[in-house]
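S.K.: Let the sequences and hints guide you as you build the complete structure.
Protein chains in written order, with the numbering used here: chain A, 29 to 217; chain B, 29 to 217.
Please note that the accuracy of each hint is not assured.
Just the calculated beta-carbon pair ranges, DEER-fashion [claimed, not checked]:
(1) B/GLU106 - A/ALA125: 36 to 46 angstroms
(2) A/ASP206 - B/SER56: 45 to 55 angstroms
(3) A/GLU173 - B/ASP197: 15 to 25 angstroms
Computed list of lysine-lysine pairs in BS3-like fashion (alpha-carbon distance at most 27 angstroms, straight line) [said to hold, decoys possible]:
(4) B/LYS152 - A/LYS128
(5) A/LYS121 - B/LYS141
(6) A/LYS128 - B/LYS76
(7) A/LYS140 - B/LYS107
(8) B/LYS121 - A/LYS140
(9) A/LYS57 - A/LYS107
(10) A/LYS168 - B/LYS110
(11) B/LYS121 - B/LYS155
(12) A/LYS168 - B/LYS107
(13) A/LYS168 - B/LYS196
(14) A/LYS128 - B/LYS88
(15) B/LYS88 - A/LYS57
(16) A/LYS110 - B/LYS168
(17) B/LYS152 - A/LYS168
(18) A/LYS76 - B/LYS76
(19) A/LYS128 - B/LYS128
The set of hints was computed from the structure by calculation and includes no laboratory data.
Every value quoted in this text rests on a predicted model; they were computed, and no experiment measured them.
Ideal placement from N, C-alpha and C gives every residue a C-beta, glycine not left out.
Protein chains: 2
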Amino acid sequence: MVMDKKAKVLEAALKLFVEFGFHNTPTSKIAKEAGISSGTLFYFFPTKDELVVALYLHIKSELACEINESIAQESDFEKILKKYYTTTLNWAKEHIAEFKFMEQFNSSPYLKKIAEDEIQKYVKPLKELLQNAVNEGILKNLDLEILFTLISGHTFSINQHLIISEPKDSKREQIISDTFDLLWQMISA
Amino acid sequence: MVMDKKAKVLEAALKLFVEFGFHNTPTSKIAKEAGISSGTLFYFFPTKDELVVALYLHIKSELACEINESIAQESDFEKILKKYYTTTLNWAKEHIAEFKFMEQFNSSPYLKKIAEDEIQKYVKPLKELLQNAVNEGILKNLDLEILFTLISGHTFSINQHLIISEPKDSKREQIISDTFDLLWQMISA
DNA sequence: GTCTATACACCGATAGAC
DNA sequence: GTCTATCGGTGTATAGAC
Numbered sequence: 029m030v031m032d033k034k035a036k037v038l039e040a041a042l043k044l045f046v047e048f049g050f051h052n053t054p055t056s057k058i059a060k061e062a063g064i065s066s067g068t069l070f071y072f073f074p075t076k077d078e079l080v081v082a083l084y085l086h087i088k089s090e091l092a093c094e095i096n097e098s099i100a101q102e103s104d105f106e107k108i109l110k111k112y113y114t115t116t117l118n119w120a121k122e123h124i125a126e127f128k129f130m131e132q133f134n135s136s137p138y139l140k141k142i143a144e145d146e147i148q149k150y151v152k153p154l155k156e157l158l159q160n161a162v163n164e165g166i167l168k169n170l171d172l173e174i175l176f177t178l179i180s181g182h183t184f185s186i187n188q189h190l191i192i193s194e195p196k197d198s199k200r201e202q203i204i205s206d207t208f209d210l211l212w213q214m215i216s217a
Numbered sequence: 029m030v031m032d033k034k035a036k037v038l039e040a041a042l043k044l045f046v047e048f049g050f051h052n053t054p055t056s057k058i059a060k061e062a063g064i065s066s067g068t069l070f071y072f073f074p075t076k077d078e079l080v081v082a083l084y085l086h087i088k089s090e091l092a093c094e095i096n097e098s099i100a101q102e103s104d105f106e107k108i109l110k111k112y113y114t115t116t117l118n119w120a121k122e123h124i125a126e127f128k129f130m131e132q133f134n135s136s137p138y139l140k141k142i143a144e145d146e147i148q149k150y151v152k153p154l155k156e157l158l159q160n161a162v163n164e165g166i167l168k169n170l171d172l173e174i175l176f177t178l179i180s181g182h183t184f185s186i187n188q189h190l191i192i193s194e195p196k197d198s199k200r201e202q203i204i205s206d207t208f209d210l211l212w213q214m215i216s217a
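M.R.: Encoded structure:
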């Protein structure tokens, strides 16, 4: 089965970007890693910037897809949030390069190149869930943005800790469970 | 009073790096912004990489200095931690460019260019404080790394929220106070 | 669609005068 | 210490054949 060349390029770019950063990764190297010529790369992605942004959007949507699938089965809010948490963490474990890339991208000037509503598309579902939980008295009556920030920040930092410390599976599950409880203790009413 | 040229370069680099990123900021532009020639820039900083790293270390030490001063006056652990929290947040408000730069730097391959012990130098004091508090039963008996991660992540994310939402001073103080309480609730025994 | 070859701008760094 | 001038290398992107 022949893999789509566009996908090959994204895959190659991801690998190199994570190792060397956006700069220090010439398009020529990406083409080489993808097993195609430089001309072909620019046939698919008119500029390097567009390649970088396309990769980001691609990864974002993959993660969002995974999360949506996993939370669809739950109905209780705490369980939904825990699924959100564990799915994100487990996805990051299986996609370390993707996670590192997003991290790099998020704190780079490239972020400005993405339309605001493109970002909102991915955060809106969680924010709605949170708003409902606040209204129902499940969560503390905190500002929605702060609530969102707290949860994202908590998830992000535990993610980093897990990636760096590389605990065994059993230990890892323990950490995830414990830190979710801490988060829940902080935000639940 | 004539400002040190080295300092001028760091100041100029900071401004441009935050706006355009490390790449997309040629040394020629930095020199121009600093009001010196390209040759002089390389007289002070042999390579661009060294300039970037020097800027990072400079900012790190400034923040650390500020924090150390502010916590020196306190003795109660909760108050020390709160000082740590508020000082970091207030410093970031007055040094937004510095904060954004560090954020960009931390998630870039440049980070590898800094020796591990150079980083540890700045985190060790807080870790020792935390270890003592755990031993004394003030904080939950959590893994030290997790505790540290939780606090850093919380601080970092609230910082970002404050920078983006730009609340009025009174509102801002309220947020800082409230979110510290949330953090404390999460980690205290 | 894919390749090869190349244009050409740009940037980091150096040389050498003052 | 500071400047001007410039070199060599590299990287994005294009042209044009197949």
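S.K.: For each hint, tell me whether it holds in the structure or not.
M.R.: Hints, one by one, checked against the model:
1. B/GLU106 - A/ALA125: 36 to 46 angstroms: Distance hint for B/GLU106, A/ALA125 holds at roughly 40 angstroms.
2. A/ASP206 - B/SER56: 45 to 55 angstroms: holds, 52 angstroms
3. A/GLU173 - B/ASP197: 15 to 25 angstroms: Since the Cβ atoms of A/GLU173 and B/ASP197 sit about 18 angstroms apart, the hinted range of 15 to 25 angstroms holds.
4. B/LYS152 - A/LYS128: holds, 25 angstroms
5. A/LYS121 - B/LYS141: Within the cut-off at roughly 25 angstroms; holds.
6. A/LYS128 - B/LYS76: The hint holds at about 24 angstroms.
7. A/LYS140 - B/LYS107: Status violated; Cα separation ~38 angstroms.
8. B/LYS121 - A/LYS140: Holds, because 21 angstroms separates the two Cα atoms, which is no more than 27 angstroms.
9. A/LYS57 - A/LYS107: violated, 45 angstroms
10. A/LYS168 - B/LYS110: Holds, because 21 angstroms separates the two Cα atoms, which is no more than 27 angstroms.
11. B/LYS121 - B/LYS155: holds, 24 angstroms
12. A/LYS168 - B/LYS107: holds, 24 angstroms
13. A/LYS168 - B/LYS196: Since the Cα atoms of A/LYS168 and B/LYS196 sit roughly 23 angstroms apart, the hinted pair holds (cutoff 27 angstroms).
14. A/LYS128 - B/LYS88: holds, 23 angstroms
15. B/LYS88 - A/LYS57: violated, 34 angstroms
16. A/LYS110 - B/LYS168: holds, 21 angstroms
17. B/LYS152 - A/LYS168: violated, 34 angstroms
18. A/LYS76 - B/LYS76: holds, 23 angstroms
19. A/LYS128 - B/LYS128: holds, 18 angstroms
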